[in-house]
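Novice: With chain A's structure known, arrange chain B on it following the hints.
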Amino acid sequence: MQVLAASLTGSQVSLEGGRAEVAAVELAREFEARLAECSTLAFRVALGVLRNAADAEEVAQEAFIRAYRNFHRLRDRERFRAWLARIAWRLALDRWRSSSRRERREQIAGEPMPEQTVEELAASHEFQGRLQAAIDELPPKLRQVLILAAVEGYNIREVSHLLGLPDGTVKSRLHLARKAMIERLKWIAGDSPRS
Amino acid sequence: MDCRRFSEKLADAALEPGDVRDAGLAAHLTICASCRREFEAQRRLAQAMDIALTASVSVSPSPAFAAGVRARLAEESAPRASWFSGWVPVTAGALAVVVLMAAWFARREAPEPVPGPQREMTNRTVQQPMGATTGGNATTLEPAQPMRKLKSSPTNRMPAPRAARHREPEVIVPPGQREAVLHFYVAVWSGRAGISTLVENAGPLEIAELKITPLQVPELASGSQQPE
Numbered sequence: 000m001q002v003l004a005a006s007l008t009g010s011q012v013s014l015e016g017g018r019a020e021v022a023a024v025e026l027a028r029e030f031e032a033r034l035a036e037c038s039t040l041a042f043r044v045a046l047g048v049l050r051n052a053a054d055a056e057e058v059a060q061e062a063f064i065r066a067y068r069n070f071h072r073l074r075d076r077e078r079f080r081a082w083l084a085r086i087a088w089r090l091a092l093d094r095w096r097s098s099s100r101r102e103r104r105e106q107i108a109g110e111p112m113p114e115q116t117v118e119e120l121a122a123s124h125e126f127q128g129r130l131q132a133a134i135d136e137l138p139p140k141l142r143q144v145l146i147l148a149a150v151e152g153y154n155i156r157e158v159s160h161l162l163g164l165p166d167g168t169v170k171s172r173l174h175l176a177r178k179a180m181i182e183r184l185k186w187i188a189g190d191s192p193r194s
Numbered sequence: 000m001d002c003r004r005f006s007e008k009l010a011d012a013a014l015e016p017g018d019v020r021d022a023g024l025a026a027h028l029t030i031c032a033s034c035r036r037e038f039e040a041q042r043r044l045a046q047a048m049d050i051a052l053t054a055s056v057s058v059s060p061s062p063a064f065a066a067g068v069r070a071r072l073a074e075e076s077a078p079r080a081s082w083f084s085g086w087v088p089v090t091a092g093a094l095a096v097v098v099l100m101a102a103w104f105a106r107r108e109a110p111e112p113v114p115g116p117q118r119e120m121t122n123r124t125v126q127q128p129m130g131a132t133t134g135g136n137a138t139t140l141e142p143a144q145p146m147r148k149l150k151s152s153p154t155n156r157m158p159a160p161r162a163a164r165h166r167e168p169e170v171i172v173p174p175g176q177r178e179a180v181l182h183f184y185v186a187v188w189s190g191r192a193g194i195s196t197l198v199e200n201a202g203p204l205e206i207a208e209l210k211i212t213p214l215q216v217p218e219l220a221s222g223s224q225q226p227e
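If you're matching them up, the sequences are chains A and B in order. For the first sequence, the positions run 0 to 194 when numbering that gives the first Met the number 0 is used. For the second sequence, the positions run 0 to 227 when numbering that gives the first Met the number 0 is used.
Chain A on its own, in the form it takes in the complex:
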């Protein structure tokens, strides 16, 4: 905490002496609380894009560093979750674009899928590969809503809060995203799973 406070002192250039110290300590304490609260969110958002825990941890870490650097500029602290989620999302997308894993995942998509129950199907490596390939083909807006909805347990209000969008918009985008996903999965899977 002392270290964080020392760093944030540099951000509060307008404050002087004791006031700056107090403000920096308060800011550091607040950031520490946010860190504990939102670390899983940042990680999961990154994981939703990258599908690799190690990569997601690195991206989430970088997201926190960037958030930390600019924390003093965030006027509405209640928006920290959404702000952090957006940072993590952008960083994850950047890494995803530069990664060659995407091509490898897309190669999985062409393989035939055996008949399974819903749970078996969902847990199968093949299905998940195809699912991710289908997600990658989604338009960015739809993909963002779909992944954030999964992160937030399909809570429309939470997603709309994260994205700063009306509930109706999020609901509509989520529906479109899922529909597009089903179309792609149908096309990829061929046969539907048995019950």
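To be clear, the hints were calculated from the coordinates, so they are not data collected in a lab. Mixed in with the good hints there might be a few duds.
[Unchecked claim] Keeping only pairs whose Cα atoms sit at most 30 Å apart, straight-line, the calculated BS3-like set for lysine-lysine is: (1) A/Lys140 <-> B/Lys8; (2) A/Lys140 <-> A/Lys178; (3) B/Lys210 <-> A/Lys178; (4) A/Lys185 <-> A/Lys170; (5) A/Lys140 <-> A/Lys185; (6) A/Lys170 <-> B/Lys8; (7) A/Lys185 <-> B/Lys8; (8) A/Lys170 <-> A/Lys140.
Specialist: Same frame as chain A, but now just chain B:
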């Protein structure tokens, strides 16, 4: 068949949990086995998708994650020298060198202290007997003999004006009057002539009477014709 008409509604309904809300589609599904199979297949696919999606992001970060973030933040917090801090001593040193050099040059260019009497003589060089050198229309008067250097005393060690050191008396005269001016100058300097002598030798000021002859305008000939 109504199957094509219901295909869009079927896809939408498959994504929604629970019973089919659209009465028309629900009725169609009861009578069309093909659409019912399609509906159930899509719904299960949607369920599998949701399960897989949720599972894919329901992973928690490793215990080392938070520690890693804090370590990175601590690195960020470590005091770092700002980019200009290294330049401050360099700039200050360079500035000091420049100032010292400027002071040295200024001292070198400044005139050496001239004793009081010599300074007086320097200022009075125009009153000493001189040889004359000419250049163009300008006549330059220079001291005929080198000035005698006087010993300086602490009291008269005053810095002379810098411009006076190189100043030479110059009189600009018309070319035809150069010799006359030189003679007059030498006469004044040797004492043969002076302001008082000139005034005494001068006669009483006489002003000649000004005579103005009236302008004569000849009369025009009356018989002359005007040009057309």
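Novice: Does the structure break any of the earlier hints, and which numbers would those be?
Specialist: 3
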